[in-house]
Structure formats: C-alpha cells, structure tokens
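Model the full structure from these sequences, guided by the hints.
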Amino acid sequence: ALSSRSLDWKARHMTDKPEPSSGIAHLIAATGYSLSGIRILWGEASFRQEVAGGAAGIALLVWCGASLPSIAVFVILLLVLFAVEALNTAIESIVDHLSPEWSQFGKLAKDLGSAAVFFLLAANAVYLTATVFPLVFPTD
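Numbering-wise, the sequence shown is residues 1 to 140 according to our numbering.
Errors might be hidden in some of the hints.
Claimed, not checked - Listed next, the in silico SDA-like pairs over lysine to any residue satisfying Cα-Cα at most 25 Å (straight line):
(1) K107 with S93
(2) K17 with V95
(3) K107 with L120
(4) K110 with I38
(5) K110 with L98
(6) K110 with I28
(7) K110 with S34
To be verified - Computed beta-carbon distance windows for the label pairs:
(8) G23 with T129: 43 to 51 Å
(9) I58 with D16: 33 to 41 Å
(10) P134 with Q104: 42 to 50 Å
(11) F105 with G37: 45 to 53 Å
FYI, nobody ran anything at the bench for these hints, they're computed from the structure.
We put the CB at the ideal spot given by N, CA and C, even for glycine.
Okay, here's the thing in structure tokens:
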C-alpha cells in the first residue's frame, strides 16, 4: 500500500487534469510527470531500500574491479527493477482506490505485482553474485 506520505504529496500536487500538449511542451510535461512519479516512489520504503541496495551493489562491483560493461548491465537491471516497482506501486494505488475494503481481486493483483518485484530482485542478486564471485575467487 502507498504510504501516507506519498498520498499526502499526491493530494497536494494532483488537483486538476492537465491540458493535452504536443511537441516540446509535451516533452516538458512528460518529464514533469516522470519526476512526480519518482517523488511518489521515493516516499515508498521499498523503493528507498532498492536504491540503497543498488548503490551498494554498484560499489561492490567497482571495489571488486568489475568491467564497465558488467557495471552497466547491473545498472540496467536496477532501472528495470525501479520501473517494475513503479508499476507495482501504481497497481497498489489503483487497487486501494477501487477496493478500499479487502478483496480477493485486490489481494491477487497486489501479490502478482509483488512477485514481479521479487523476480527482478532475484535477477539482480543472481547477476551480482555471478559477476562478483569470479572476481573475488579467481580460478586461475
């Protein structure tokens, strides 16, 4: 579920539906929407923990002497994780709006969103382990 801090921010900043735009105005508006989404995500403890874990993973890769392409792949995996976390938060927000009381469909949707995040966390952990292990314990 969304934290009360995230909901408070949304209540203060999301009042009226914006007018459609095109061209550079659309690009500027879309950037603003993305930054708004990031601010909402930052209110989520799970997202902040994923950012901290990602930073620790990058630091570990650098400390172990991983190649730039290896670090880049890890950063891409992190960005995909952040995107799935954003989608999971959106699912939770929609479910909470449509079904404020407990419901089986709400549980199903939230559990599936959570599973998607879990799978990407596992993918990040597998990649980090597979990259760091040979650097720490070389076979040569």
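Problem set entry | Hint numbers contradicted by this structure | 6 and 11
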